[in-house]
Every structure is written in C-alpha cells, then in structure tokens.
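The residues making up each chain are set out below.
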Amino acid sequence: MPLIIKDEYPDKLFRKDGKRLDGRDVDELRPIKMEVGVIKNADGSAYLEWGNNKIFAAVYGPREVHPHHLAKPDRGILRVFYRMATYSVFDRKRPAPGRREKEISMVVGDCLEPILFLELYPGTSFEIYIEVMDADGGTRCASTTVAALALADAGIPMKSLVTAIAVGKIDGKKVVDLSGIEDKAGEADLPIAITWYNEEISLLQFDGDMDLDDMNHFLDKAKEALSKVHQIQLETLKSKYIPLQGEITNEKKGEK
Amino acid sequence: MMDVKRIVSRIEKNYIKSNLRKEERIDGRGLWDYREFEIKSDIIASAEGSADVFLGDTRIMTGLKYDVGTPFPDLPNEGVCTVMAELLPLASPLFERGPPGEQSIELARVVDRGIRHADCIQTKKLCIKEKEAVYILFVDMYVVNHDGNLIDTGAISALATLLSAHIPEGIIGDNGLEWTGKYLTGKDLVNELPIALTYGKIDDIIFLDPKLPEELVCEGRISISVTENKICSIQKSGAATFSIDEIKMLGKKSIEIGQKLRKQLNLTQHLSKVK
Numbered sequence: 002m003p004l005i006i007k008d009e010y011p012d013k014l015f016r017k018d019g020k021r022l023d024g025r026d027v028d029e030l031r032p033i034k035m036e037v038g039v040i041k042n043a044d045g046s047a048y049l050e051w052g053n054n055k056i057f058a059a060v061y062g063p064r065e066v067h068p069h070h071l072a073k074p075d076r077g078i079l080r081v082f083y084r085m086a087t088y089s090v091f092d093r094k095r096p097a098p099g100r101r102e103k104e105i106s107m108v109v110g111d112c113l114e115p116i117l118f119l120e121l122y123p124g125t126s127f128e129i130y131i132e133v134m135d136a137d138g139g140t141r142c143a144s145t146t147v148a149a150l151a152l153a154d155a156g157i158p159m160k161s162l163v164t165a166i167a168v169g170k171i172d173g174k175k176v177v178d179l180s181g182i183e184d185k186a187g188e189a190d191l192p193i194a195i196t197w198y199n200e201e202i203s204l205l206q207f208d209g210d211m212d213l214d215d216m217n218h219f220l221d222k223a224k225e226a227l228s229k230v231h232q233i234q235l236e237t238l239k240s241k242y243i244p245l246q247g248e249i250t251n252e253k254k255g256e257k
Numbered sequence: 070m071m072d073v074k075r076i077v078s079r080i081e082k083n084y085i086k087s088n089l090r091k092e093e094r095i096d097g098r099g100l101w102d103y104r105e106f107e108i109k110s111d112i113i114a115s116a117e118g119s120a121d122v123f124l125g126d127t128r129i130m131t132g133l134k135y136d137v138g139t140p141f142p143d144l145p146n147e148g149v150c151t152v153m154a155e156l157l158p159l160a161s162p163l164f165e166r167g168p169p170g171e172q173s174i175e176l177a178r179v180v181d182r183g184i185r186h187a188d189c190i191q192t193k194k195l196c197i198k199e200k201e202a203v204y205i206l207f208v209d210m211y212v213v214n215h216d217g218n219l220i221d222t223g224a225i226s227a228l229a230t231l232l233s234a235h236i237p238e239g240i241i242g243d244n245g246l247e248w249t250g251k252y253l254t255g256k257d258l259v260n261e262l263p264i265a266l267t268y269g270k271i272d273d274i275i276f277l278d279p280k281l282p283e284e285l286v287c288e289g290r291i292s293i294s295v296t297e298n299k300i301c302s303i304q305k306s307g308a309a310t311f312s313i314d315e316i317k318m319l320g321k322k323s324i325e326i327g328q329k330l331r332k333q334l335n336l337t338q339h340l341s342k343v344k
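Line order of the protein sequences matches chains V and R.
Per our numbering, the very first residue in the first sequence carries number 2; after that it's consecutive.
Per our numbering, the very first residue in the second sequence carries number 70; after that it's consecutive.
Honestly, the hints are just simulated from the structure, not real lab data.
Check the hints yourself; a few may be wrong.
Label pairs and their calculated CB-CB ranges [said to hold, decoys possible]:
(1) R:Arg90 with V:Ser161: 49 to 55 Å
(2) V:Asn199 with R:Glu171: 45 to 51 Å
(3) V:His69 with R:Ile80: 29 to 35 Å
(4) R:Lys109 with V:Leu30: 24 to 30 Å
(5) V:Glu225 with R:Ile80: 53 to 59 Å
(6) R:Lys194 with V:Glu29: 40 to 46 Å
(7) R:Lys82 with V:Leu30: 47 to 53 Å
Computed list of lysine to aspartate or glutamate pairs in EDC-like fashion (alpha-carbon distance at most 20 Å, straight line) [to be verified]:
(8) V:Lys41 with R:Glu284
(9) V:Lys241 with R:Asp126
(10) R:Lys329 with R:Glu297
(11) V:Lys7 with R:Glu247
(12) V:Lys103 with R:Glu165
(13) R:Lys109 with V:Glu50
(14) R:Lys86 with R:Asp96
(15) R:Lys251 with V:Asp8
(16) V:Lys7 with R:Asp243
(17) V:Lys7 with R:Asp136
(18) V:Lys160 with V:Glu120
(19) V:Lys7 with R:Glu238
(20) R:Lys109 with V:Glu36
Every residue gets a Cβ at the ideal spot worked out from N, C-alpha and C, and that includes glycine.
Extracted from the complex, chain V is given alone in its bound form (with noise of 0.2 Å):
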C-alpha cells in the first residue's frame, strides 16, 4: 500500500525573488558541521552534517585481510563500506545492502585510493565504514569528505585530504550544492571530488544533458565550492589536534 503523505516535488525550484528554495544563493552551500574522533572504539572516525545529511565515518587499518584470499602481497588494499540507515529515507529502506550502495562504496573507494600509500603496508586492510544516518542529497559527496576526515583521524599517512561537492542545473540554472529536493527534481547532477596534493579530479559522475560551456563553468563553479569545504575540513581536524600539540609540549617543559 503507498504511504499517506506522497513524496512529490515542487514545480519551481526557485523562490520569486530568486533564491533556492532553502533560501541559498546559486553558489552557496548548505551549512556544514564536522566532528573528528567521534567513534573512540574505531582508529579514526568523523562525523558530518552537511545540510540535513547526517553522515558517520570510521576507520580500521592496517589490520589483517578477512577473508585471507583478498590480501596483495605486494601492496594493502582499501575496501569502502558504505551503508544507510532504513530511516535515513522518505519511504524506509531495505535493511540489507543494495546495488546503489555496493557501487557508491565502489565509487568512493576509487575516489580515496590515490591519496594513500597502500604500497607501504603489503598484506594488510584499511577499512572505511560509512553509515548514512540522514540523507539528503549529495550523500557520495559528503560520505567521501567525511572519509577523508576519518583517515586523517587516524593517523593514516595521506598525501592530501580529499573533497568532494555536486554541482548541478535546476530549472536551468546552474548551481552548487544540490539538496535533496533539487538532486531529484533537477535536470543534471555532477558529482566532483578533488585530491588536494595536486588538484586533480579524482571522482566524477553525471547524469543529465550539458554542453562544454556548462561542462567549464560546472568544474570552476565546483573548484570554488570545494576550496570552501577544504578549509572546514583543515580547521575541523586542527581543532582537535592542535590543543593536544600544545598539552604535548607543556608536558614536555615540565620534564625537564
């Protein structure tokens, strides 16, 4: 039977005097809020809300390969769990992992591998839980910033954190950020991450028509966009770590 209140869009997209319908400018963000060190039973984990996602990160690794048959001798793999919560929807999803989430993690952990020097720990995993609690919009985007924050936590040595950001056309505009309502009620949706230790493109998706003018001005928007959530996640991980520098050091001075 179908629920009682429908899951239906509205025509317009945009507000009469121009705006977004959460009242945003075209190229501005939702409100973001990140937390690292959340988990204290996993090695490293982050938390974000981005908008009304709320996502969590975790990671373990180096550990041993289970199943065995999966460890390189060579090199240590990287294997990206991610999940969503059967609330985190309009209508409750099926508690057991499903395409979308198999190729999510997939795309995701592509995403991440460049960063990491996997070939310095052969025989071994790192594994990333990602678990949705909240979705709306642009989850792959904010599971990839949050796991980047959780391997960061983890004291992983990484080359460069990575961010990822969707940017879009809705009612033909051009816009960043889409929120739920615009991911799916939107013409066109682009995925983008970016590996900061040499500013490339290291996740791209899109589905939706667009010719090469908004194909340029889509990849600029989003280089702009995604320096923006960069700083969140440098300030968010110095927060923590730079008190505890300084209770290191004042300990340090009292030695001797």
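Once you have looked at the hints, place chain R on chain V.
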C-alpha cells in the same frame, strides 16, 4: 582508540574480579549504579521519530518509519510494531559485516518483547480501517559505539523514539487512503514505559550495567524489563546460573532502580511537539 579485544587477559580479568569483590568497578561506580544516560530526540529529519542515546560511551541511534499494510487475521483492528537492531561494524572491531548475527537478533528481540508485553504501544490506535488497513511501525536501532550493555541503551532509545513519533494520520476515504492533515504522536500511541535493566554475573557477584570489559569477562547476564511496578520480560543469557534467591532479589531491585531511573530520565519530555 579503545583497547578492544575478543579475549581479555588473565591479569585484567583478575583485576576486574578483585575490584568487584571490594564492591568497586573499574570506572569507579558502585555495584548498582548506572553510567550516565544522555538522550537526544527527534534528530533525524527523514524519520517519523528518532533518538540518539548515550550510556557512557555506548551509543545507539534509533529511527521510526511506518508503512500501511493489512492486519493479521486474528487481530483485525490492531497495528504492528517491529524492532530491528543492527550492530554496525563501524561501532566496534568485535562486530562483523554480514547478515544479522545472534547478538543483534537477541538485542532486537529483548527490546521488542519489553515493548510488546508491557502494553507499551496502543496497537488499536494504529488501525486505519478494520480488516483492511493498519500501520506497521519499524523501530530500527543502529549501534554507533559499543561499550557494553546494548540492551538497556536500546530499550531507552526505542522508547524515546516512540515518544517522539509523529506519523501522518490516514483514513480510508472515497479515493482510497488519504491524509487527514493531522499527525498521530507519541502522546496518542505510548501507554507504558518499559525499562530494561541488565545485570552481569562473575562468580557469585552480581552488578548492574556491565561495561564492555566486564561484559567480556562475566559468565552471564540477566536482563529484566520492568514497568512502574510490574516485571514484563526476563532474558537470561550466557553460561552463568542464577539461584532462586538471587532472581527474587534482582526482581525487587529492578523495580526499585527502575522507578528511580524513570524519575531521573523524565522520558515524557521527549514527546513529539508536532500537532
């Protein structure tokens, strides 16, 4: 990172035991004390009710979703409530990926039985039309960090979730299922508040709210769900045996501690504000 191992060393085991003999716990609590509870409710926008509950470092996030289905033939005017628990591999190196294991099924079942047998939900209110349409509620618990005593944390988080419920009220009109524009809230649905209390047992020492290292060392556990003045479900698990006197004592203690905890948590503050 916390030190989490499947096997606890003999030294640590003896340390936990000798402390318990002196009526002390590894974190400084007394034998009958809970760790601190912290409850946040209605935090998930996509869910029809939700709660984020901390018991010390144990953390469970729970959400409520609904569906409309046909009732069971023997209960034609009653809705259904199901409880699911998932032990996320994110929460502890002890949890593995894959289909639900014994531990997560036990957690879901014990919480479910507490709710069911305490007459917690007014299932008749979940009926849209007799024999045709009733609500099916899904209370899904996700363990985000594991530091022992998932059952008590899960029971509280399920309650807070149900209290914060706001489900669109439906009627069967001329065009089939329609929304009345109002919501069924926790106030309409929740009747009794069953609280689970879990005790661990090592040798002949019994203690409340085992922390993870204690849980790994102890021989067995017993969980007792209580309402204001009645016991509504019991689950003994693990290899320990309990004497009849011990169980009588625990029953009495559960009701006492339950009443105290109920006052302290003041769960009704989490009732949904939606109208």
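Do the hints match the structure? See the list:
Checked against the given bound of 49 to 55 Å, the beta carbons of Arg90 of chain R and Ser161 of chain V, roughly 53 Å apart, stay inside it. Restraint check, Asn199 of chain V to Glu171 of chain R: a C-beta distance of roughly 48 Å satisfies the suggested window 45 to 51 Å. The hinted window of 29 to 35 Å between His69 of chain V and Ile80 of chain R holds, with their beta carbons roughly 31 Å apart. The hinted window of 24 to 30 Å between Lys109 of chain R and Leu30 of chain V holds, with their beta carbons roughly 25 Å apart.
Our hint of 53 to 59 Å for Glu225 of chain V and Ile80 of chain R holds, since their Cβ atoms are close to 57 Å apart. Checked against the hint of 40 to 46 Å, the pair Lys194 of chain R and Glu29 of chain V passes, with Cβ atoms roughly 43 Å apart. For Lys82 of chain R paired with Leu30 of chain V, a C-beta distance near 51 Å keeps the hint of 47 to 53 Å intact. For the proposed pair Lys41 of chain V and Glu284 of chain R, the alpha carbon gap of about 17 Å is at most 20 Å, so the pair holds.
About 19 Å separates the Cα atoms of Lys241 of chain V and Asp126 of chain R, which keeps this hinted pair within 20 Å; it holds. At most 20 Å may separate the alpha-carbon atoms for a hinted pair to count; Lys329 of chain R and Glu297 of chain R meet this at roughly 10 Å. For the given pair, Lys7 of chain V sits about 10 Å from Glu247 of chain R by alpha-carbon distance, which is consistent with the 20 Å threshold. Among the hinted pairs, Lys103 of chain V with Glu165 of chain R is consistent with the structure: their alpha-carbon atoms are about 17 Å apart, no more than 20 Å.
A distance of roughly 16 Å separates the Cα atoms of Lys109 of chain R and Glu50 of chain V; the hinted pair therefore holds under the 20 Å criterion. For the proposed pair Lys86 of chain R and Asp96 of chain R, the alpha carbon gap of about 13 Å is at most 20 Å, so the pair holds. Only pairs whose Cα atoms come within 20 Å are accepted, and Lys251 of chain R paired with Asp8 of chain V is accepted, the gap being roughly 17 Å. Annotation: proposed proximity of Lys7 of chain V to Asp243 of chain R holds, straight-line Cα distance about 17 Å (limit 20 Å).
Between the alpha carbons of Lys7 of chain V and Asp136 of chain R the distance comes to roughly 12 Å, so the proposed pair stays at or under 20 Å and holds. Annotation: proposed proximity of Lys160 of chain V to Glu120 of chain V holds, straight-line Cα distance about 13 Å (limit 20 Å). Distance restraint check for Lys7 of chain V and Glu238 of chain R: the Cα-Cα separation of roughly 13 Å lies within the 20 Å cut-off, and the hinted pair is therefore satisfied. For the given pair, Lys109 of chain R sits about 18 Å from Glu36 of chain V by alpha-carbon distance, which is consistent with the 20 Å threshold.
The structure meets every hint from the earlier list without exception.
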